[in-house]
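Student: Below are the chains, spelled out letter by letter.
Number of protein chains: 6
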Amino acid sequence: MNSALEKAGILVEALPYIKKFAGKTVVIKYGGAAMLNDDLKEAVIQDIVLMKYVGINPVIVHGGGPEINSLLKRVGLESTFIQGLRVTDEATMELVEMVLAGKVNKEIVARLQRQGGKAVGISGKDGGLIKAKKRFELVKNEAGDRIPTDIGYVGDVVKIQPDLLFGLIDQGYIPVIAPIGAGETGEAYNINADTAAGEIAQALEADKLVLLTDVEGILRDRNNPDSLISSLQINQVEPLMEEGILSGGMIPKVRCCVEALQGGVGTTHIIDGRLPHSLLLEVFTDQGIGTMVVK
Amino acid sequence: MNSALEKAGILVEALPYIKKFAGKTVVIKYGGAAMLNDDLKEAVIQDIVLMKYVGINPVIVHGGGPEINSLLKRVGLESTFIQGLRVTDEATMELVEMVLAGKVNKEIVARLQRQGGKAVGISGKDGGLIKAKKRFELVKNEAGDRIPTDIGYVGDVVKIQPDLLFGLIDQGYIPVIAPIGAGETGEAYNINADTAAGEIAQALEADKLVLLTDVEGILRDRNNPDSLISSLQINQVEPLMEEGILSGGMIPKVRCCVEALQGGVGTTHIIDGRLPHSLLLEVFTDQGIGTMVVK
Amino acid sequence: MNSALEKAGILVEALPYIKKFAGKTVVIKYGGAAMLNDDLKEAVIQDIVLMKYVGINPVIVHGGGPEINSLLKRVGLESTFIQGLRVTDEATMELVEMVLAGKVNKEIVARLQRQGGKAVGISGKDGGLIKAKKRFELVKNEAGDRIPTDIGYVGDVVKIQPDLLFGLIDQGYIPVIAPIGAGETGEAYNINADTAAGEIAQALEADKLVLLTDVEGILRDRNNPDSLISSLQINQVEPLMEEGILSGGMIPKVRCCVEALQGGVGTTHIIDGRLPHSLLLEVFTDQGIGTMVVK
Amino acid sequence: MNSALEKAGILVEALPYIKKFAGKTVVIKYGGAAMLNDDLKEAVIQDIVLMKYVGINPVIVHGGGPEINSLLKRVGLESTFIQGLRVTDEATMELVEMVLAGKVNKEIVARLQRQGGKAVGISGKDGGLIKAKKRFELVKNEAGDRIPTDIGYVGDVVKIQPDLLFGLIDQGYIPVIAPIGAGETGEAYNINADTAAGEIAQALEADKLVLLTDVEGILRDRNNPDSLISSLQINQVEPLMEEGILSGGMIPKVRCCVEALQGGVGTTHIIDGRLPHSLLLEVFTDQGIGTMVVK
Amino acid sequence: MNSALEKAGILVEALPYIKKFAGKTVVIKYGGAAMLNDDLKEAVIQDIVLMKYVGINPVIVHGGGPEINSLLKRVGLESTFIQGLRVTDEATMELVEMVLAGKVNKEIVARLQRQGGKAVGISGKDGGLIKAKKRFELVKNEAGDRIPTDIGYVGDVVKIQPDLLFGLIDQGYIPVIAPIGAGETGEAYNINADTAAGEIAQALEADKLVLLTDVEGILRDRNNPDSLISSLQINQVEPLMEEGILSGGMIPKVRCCVEALQGGVGTTHIIDGRLPHSLLLEVFTDQGIGTMVVK
Amino acid sequence: MNSALEKAGILVEALPYIKKFAGKTVVIKYGGAAMLNDDLKEAVIQDIVLMKYVGINPVIVHGGGPEINSLLKRVGLESTFIQGLRVTDEATMELVEMVLAGKVNKEIVARLQRQGGKAVGISGKDGGLIKAKKRFELVKNEAGDRIPTDIGYVGDVVKIQPDLLFGLIDQGYIPVIAPIGAGETGEAYNINADTAAGEIAQALEADKLVLLTDVEGILRDRNNPDSLISSLQINQVEPLMEEGILSGGMIPKVRCCVEALQGGVGTTHIIDGRLPHSLLLEVFTDQGIGTMVVK
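Chains as they are written, first to last, in the UniProt record's numbering: chain A, 1 to 295; chain B, 1 to 295; chain C, 1 to 295; chain D, 1 to 295; chain E, 1 to 295; chain F, 1 to 295.
Treat the hints with caution; some may be incorrect.
Given that identical chains are not distinguished, each listed pair holds provided it fits within a single copy or across any two copies.
Okay, derived cross-link-like pairs now, DSBU-like style, lysine-lysine, Cα gap no bigger than 30 Å in a straight line [said to hold, decoys possible]:
#1 134 to 24
#2 131 to 24
#3 41 to 134
#4 159 to 118
#5 73 to 133
#6 134 to 118
#7 19 to 133
#8 140 to 41
#9 134 to 159
#10 19 to 118
#11 295 to 24
#12 134 to 20
#13 19 to 134
#14 131 to 19
#15 20 to 41
Since the hints were made in silico from the structure, they are not lab data.
Model the full structure from these sequences, guided by the hints.
Tutor: Here is the structure:
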C-alpha cells in the first residue's frame, strides 16, 4: 500500500506541470543517441504519448543519422567532396529521402501507435509543408575567398505552410515529420533537422522547442558536467561564443534556439537524449534537464 | 537525478490508465470521512483535478453529513420522529438545502478552483436536473403493518435531466452537485447522495461510479481487513446478503451499485475515503482499492 | 371576441420592443420589496421568463436582505461593530453565503423553472466568476482621520470572468447569481449586489442594467412622486448630488449606473420593484418606469 | 399607469402559448379577404412577424386571386373553357406566374420587411422546391363519362424538396412561397395554394397548418355562425360530408387538412381571415378561432 | 479514340483556370442579346452551371429589356415623358416588377435548375438586399438649367445588405437577382441592372464583375472590330472619354466598372454576349474576350 | 476564335459528368506502365488534380513495382524462394517499405503538389490505417498437399481504420497511400496494392474503384483488342473464368472488384493505364475505357 501512496504522491506532484502545459504545442527534434538504443527509443515514445494524453500537442521532427550512411554504404554509393563538404547528389538524395521518409519516419509512427498514440508520418513535401531552395555553402576557393558553392540537394527553408499540421493536431494526431523540403519543381532537399524543427516551431507558434542532443546541455567547462548552464538568455549567447564556451556543433543548435525565440516560440531547450525520459523530466519537473535558452 | 528518474517511471506507469479512461465519465459520490479531515479533503480535490487534466470527466455528487446537524443544533430546531425516523419538515429542509447547496457545495467548488480545476456547483433544482417526489417510507403502525408514511421533504428521484451536465462538461467544467431534487411545484426534497450519484451516473451513461465511504470496502469478516472482497458480481449480491456478510449501511450502497450497473454504468466501486488519494489509486493502479461491483 | 381582439392589439403593440431587444443581454439586480411579497415575486419571475422567450438574454443578480438577518438571529450570532459598521466575521460570512447561495438563489431558480424558464443558480465562486479581495472601509479613528479598516469578509470585485455565463446563455439558460466573490485562497467575500450586477453587466457588454429598488426612481422632490426624473445624463449626476437631490442610498446606486455606462453598458435603469411587472413595463413600453441613466 | 399594468397582464397571459410553440414550424396559407383589405393585410403581416420574434418559424404560401383576373382582363386575354373549366394556356400561365411570383409575393415580402421581419419570396421553381406535373381534370364528355382532360398548365405536386426552406429558416428568414411548380423541362404549373401549403407542411414536418379563409370555419348550419364546429377529428369528416354539412369549397380544404395530418402535420386549422389578427388569436389564445381538424 | 484524347487534352488545359478561380465569386450582369436568342440563353446557362460545378460562385443580376416593353404595350399603358425621359409611374413600376421578378427571373432559375444548377431567384426586396431611394435625374428646365427632376420609381442604390446572398451561396445555390430596390416604406424602385451588379459585386467583395453586352468590348475605332482594347486601366478612362473613344452607352458601363474596382472588386469585364459561351471563354482561357478594366 | 469556341463546347460537354460525380469518392489503384513513363505519369497526375478541382474526392493507392527490384539489386539482397514464391524476409521488407513509403509515395505527392493539388502521402501505418497480419500462402509440399506456408512479411488486411482519410479529405487533401500494413507489434507487411485499394474503397464507401493496369481491360479474345468486354456483371465472372477468358493476373483483379462491389462500392473499373488520360476519359466520357465490373 505504501508504494501505492507514493505513486499517488508523484502523480499529484505532476499536476501543476500538466496544468501549465495543457493545450500547448511542443516541437521536439528527435535524433542522436535517443534514436539508437532501443530502451531510449521506447522511453522517448512513452514520453511523447504521455504528453499527448495529458493534453499537450507534441510535434516530432526527426533526423536520420546512421541509417542513411548505412544504406549509402550498402548500395556502394561513394560521395564526392568539395573542400571537405560532402555533396548530396541526386542519387544520394534519393536514398536519403527513402531512409528518412520511408524508414525512420514510419518506425517512429509505428512505435507511437503501438504505445497508444495516434500518429501520422509525413515529410516536408506533404501538403506543401516545407518549401525549400538549394543552399549554397560558403566554401573557400583556391584564392582563399569564401564563395557560395553548390553542394547538391541540401536546402534552406523558404517557407513553412503549417495547415496540414494544424489539421492533424485538431484531429488528435501526433505529426511526425521527416525534414525533407520541396523545391520549385517538387525536387527534394535535405534540411537540417534542428533547423526544420525551429522553423516549424515558429510557424506553429509553439510554446516549447526541445532539441534532443547527445550532450548534457551547454557546459561552462566542457570536461565538467557539473558546470552545466541551466538557463541562458539570448543576449548572453554572443559573449559565450566569444569566450569559446559555445563552440563546435553547439553553435548551430543555439542559433536555432535564438531564431525560434525571435520568431515567437516561448522557450527553447537543449537536453540530453542519452538520459532516459529526459523529455518527460524537462516538461514535468521544475529542476529541468539540460540548458534552457530564453528571451 | 535518481528521484527524477523514479518520478518519470511512475508517470510512465500511469500511461495505460490515462489512455484507458481518456474521455470517460466518472461519477464520484463524495462524503464521509473524506469531507471532514482537511488533508483528506485536499487529497480528494487534487485527485479530481488531476483526473480532469488527464482527460477524464469527473462529476461530483456530495453529501452534507455533520454540517447539517451542526446547523440544526445552532438554530435549536428539534426534530420530530415517527417510529424512529426523523421527519424532515419544511423548516428543516430549508436548513438542509442551505447547508448542502450554500456551504458544502461551494466549499468544494472553491477548493477545486484553487487547485486549478474549473468547477461549477449546482443543485438538482438547477436546469431541472433532478425531478423528485415525496418518498413514503414503510413504517410499522401499531398493528405492526408496514404502511407508507409521510416523513416530510425526503424524496425519490423521478427523472434526471442531464442536459446542463453535458453542457458544463463540454465547456470543461467539473460539475459539483448538491443532492436536492425539485418537486412539481419547485419544492425541495432531500435526496440520498448515493442514490443521486447512481441515478446521475446512469443518465450520463458514465463509465464508472465511485462511492467514497468510511470502510475498506466489503469485508467477508467484518473484523478482518484482510478479508476484503475486491470484486463482486451482481449475481453474488443476494447470496452475500443471505449469509449476512452484506448488512447494515452497506446494503443500500451495494443496491445503488447494482441499479447503476443495470442502468448501463460500466463499473461501480465502493472505496475507502479515509485513505488519502484512494480515488486516484482506484483509477490509476491495477490492484484497486476497496470493492468493485460489476455486471 | 372583443377581449380577444384587444389582446391581439396589445401583443402587436409589444412587437417593436420585442424586435428592439431581440438577442440583447439585460442584467437585472433583483432585490428589495420585489423579493418579499409573493405576488411581486411571481410577477418578476414571469417577466424574466417572458423576456427569455421573446429572445432577450436576462441575467439575474440577487441580494439576500432580510433572510440573512433572520438566520443570524436564529443562530444567535451577535455582530461586532466598528464605528457603527457591522463586521462580517468568518462565522457570519458562512451564514451569509448559505442564505444567498443555498436559499435565495435556489428559490429564484425553482420559480423560474416552474414558470417554464431554464435557469441555473451559481455564486461568484463558480467557474471563477467573481474574483474578489477584502474591502477596507474608510473609518474615522479617535483622531478623526479616515483610516482603511478591516471589517471582515466584505469584498471588492477584482475581476469578472464571464466565460461560464456566456456558456450558460448559449445553452439557453437564465443565469441566477449570488453576489459572493472568491479571494486568492478561495475564501468567500460578500459583495454588494448592485456593484456585482454592474460589474457583470460590463463584463457581458450588456445592453441594459436594471436595478430593482424600493423607490419610484430619482425624485426631484423626495415627497412628490410626480417629480420623478425619468432620464438622467452622466454629466447631470454631480450637480444633482451637490444640490442634495441625489442623496443617501441612491448615491451608490447612481454611481453603479455611471460606472456601468462608462464600462460600455448601453443604458441603466433604476426602477420601482414595488410595482408589479415594472420590469416588463420598463422593457416593453415607451413611457418607461423609474429613472434611466444614460451616457 | 393602469393601462400599462393591463398591458403587462396581457403579455404575461401570452407566455404559456409562446412557450408551447417556441421553435415550432407553422405553415400559413394566406389568401382570400385577408389579401384584399389593407388593414387586414397589415394585421396578418404583424401577426407573422410577431410569431417569428417569439420563436415560431412561420412559412407563408399565398394565393393570387383577384389580381390574376385583373391582369388577364387588362391584357385582354380571353380564356377558353372546357365544360365550364377554364383552360390555363401558356399565355395565361405566363401572366399567372408574373402576378404570383412578381407582384403578390414581393408585396408580402416588402410588408414583412417593413414590419421588421426578414423575409424571402420564392416560387416553387426556386431551389427545385415544388416539382409538378400536368393535372388532368376528370371532365364529362358528351357521353357523360368522366375523362381525364388537359386543361393546360394546372399542376399536381409530384414532390416537395424542402432544403431551401430549411436553409432560409436556419438563417432567420420567413419564406414566402408563390404556388408555382416546375415540370420536367422547367415549365411552370399553377398549383392550388391550399394544396401547396399542405404538401409543404408535410415536407417540413410542420406542427401547424393554418388555412386563412373567408368563412368562420365549418358551420353545422351554414346560416348560423353560432353553429361553428370548433374541433373535428379525421374520422368525422366522411359522415359530415354524407350529411351535406361539409360541402362545396370547404371539401377540398378539409381534404387538404386530412392529408396533411396523415402526412405528419401536428394540427390543422381553417380560420376566418376576415377577422383581424385571427392568426395571432388562433396561436396565442386557448379558445381558438375557426375549426381545428386533428387526428 | 482520337477525339476522346483531344477532349482529355482540352479538359486538362482548363485546369489552371479552374484552380485560379476555385472558391472565387463572380458577379454576372446578364442582359441584352444573350437573353433573346434561345441558343445563346442555353449557352450562358451552361457556362454558369459549369462555373458553379468547378467551384466558382457565380451570382447573376439580370435585366428585363424587351419583355417589359412588350407587356406595357399589351396592357396599353402609355408612358409620360419629361424632356425625353420616360416617367416610371406606379402603374408602370408594377408591371416592370412583375416582368423582372415574376417572369425573367424565374425563367433563368428554371433553366439553371434544368441544367443541374441549384438556383434561387430573388429581387432586391428579399431579405432587404437592395435598399433604394428615388433617383432625381438632372433635367433641363425652360431656362436651360439642369434641375433634379422626379421621373417616378427609378432608384439609386442606398445600401446592399448581402447576408441573404452569403447564406444562399453557402448552401450551394446560384443567386439570381432582379434589380428591384425597396424604398423606406417598401415601395419598389427600378434599378439599372449594370449598377445593381456593380454594387452587389462590391458588397460581396467579388473577384470578378462581368457585364454581358451587345458589343465586342471597347473599340478604338467603332467601325473596326480589330481595334478592340483588350485591357484598360482606371487612369486611362478619362483620356479615352476626352478623345471620344469612350462614348454613348459605353460610358455608364465603364463607370460602373471603375466604381466596382474602387470598391474592391478584383477585375471587371465588358464582354460580348452575342458570342456563344463568351462567359466561359472569358473565365477559362488566357486570351480573354472583350475588354477587361483593371486598377 | 474558332478553337476557343471548340474548347468551350468540350468543357460544356463535360458538365453532365462533373455533376454526376460531384462530392463522390473515387479510389484509384495507381501502378504499372502509368508509373514508368514520364508523360503518362504527368497525365495521371493532371487527371487526379482535375478530378479534385471539379469536386471529386480521389484517393490514391500505389504500387512500387520495378523500383523495389532495382533497390534490392543495388544492395545485393538475394531472395529466397519457397516453391517459386519469393520470401519477403525482414531485410527485404525494410527496403520494400523505404521504396514504397519513402520514394514512390513522395514522388506522387510532389507531382500532385506541383500541379496545384494538395496531397498528403501516408502508409498504412499512419493513423493505424491498415491493420494487417501475416499471410500464409498455400504452398504444395513434397506430398503435393497445399499447406499454409510462411513467406515472410506479406500481409492480409485485417481492418481498415479510415478516420485519417476522412480527416484529410475534409481538409481538401488528396490522400496518397503506400500499401504497407501494420501488425500487432507495429511490424510492417507488404500488402497487394489492388487488395489495399479495394479494402480502402469499401471502408470509405467509395462510389468508384479504378484499377490502372497494363491491359486494355478484359478481352474476350486475348489477341483481339476489339473483343473488349466493356461491362461485366458479378454473376458473369464465374462463367468467364470457367471458359478461360478470365485467367492469369486478371483473376485477382476481377476478384478484387467483386469484393469491393459486395462491400458496397458503386462501380469498379479495370482500365488501361498505358493510354494517356485514361482515368479522365473513364470518368468524363460516356463510352468508357476498359472494363467496368458492376453488381
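Student: It remains to establish, for every hint, whether it holds in the given structure.
Tutor: Hints and how they fare:
1. 134 to 24: neither (33 Å within a copy, 34 Å between copies)
2. 131 to 24: both (25 Å within a copy, 25 Å between copies)
3. 41 to 134: The answer is between: 25 Å across copies meets 30 Å, while 32 Å in one copy does not.
4. 159 to 118: Both: 27 Å inside a copy, 16 Å across copies.
5. 73 to 133: within (27 Å within a copy, 32 Å between copies)
6. 134 to 118: between (34 Å within a copy, 23 Å between copies)
7. 19 to 133: Close across copies (24 Å), not inside one copy (40 Å); limit 30 Å.
8. 140 to 41: neither (40 Å within a copy, 42 Å between copies)
9. 134 to 159: The answer is within: 13 Å in one copy meets 30 Å, while 42 Å across copies does not.
10. 19 to 118: For residue 19 and residue 118, both the intra-copy (22 Å) and inter-copy (11 Å) Cα distances are at most 30 Å.
11. 295 to 24: Close inside one copy (18 Å), not across copies (40 Å); limit 30 Å.
12. 134 to 20: Intra 40 Å, inter 28 Å, cutoff 30 Å: inter-copy only.
13. 19 to 134: between (43 Å within a copy, 28 Å between copies)
14. 131 to 19: between (35 Å within a copy, 20 Å between copies)
15. 20 to 41: both (26 Å within a copy, 23 Å between copies)
Hint check: violations occur at hints 1, 8; the rest are consistent with the structure.
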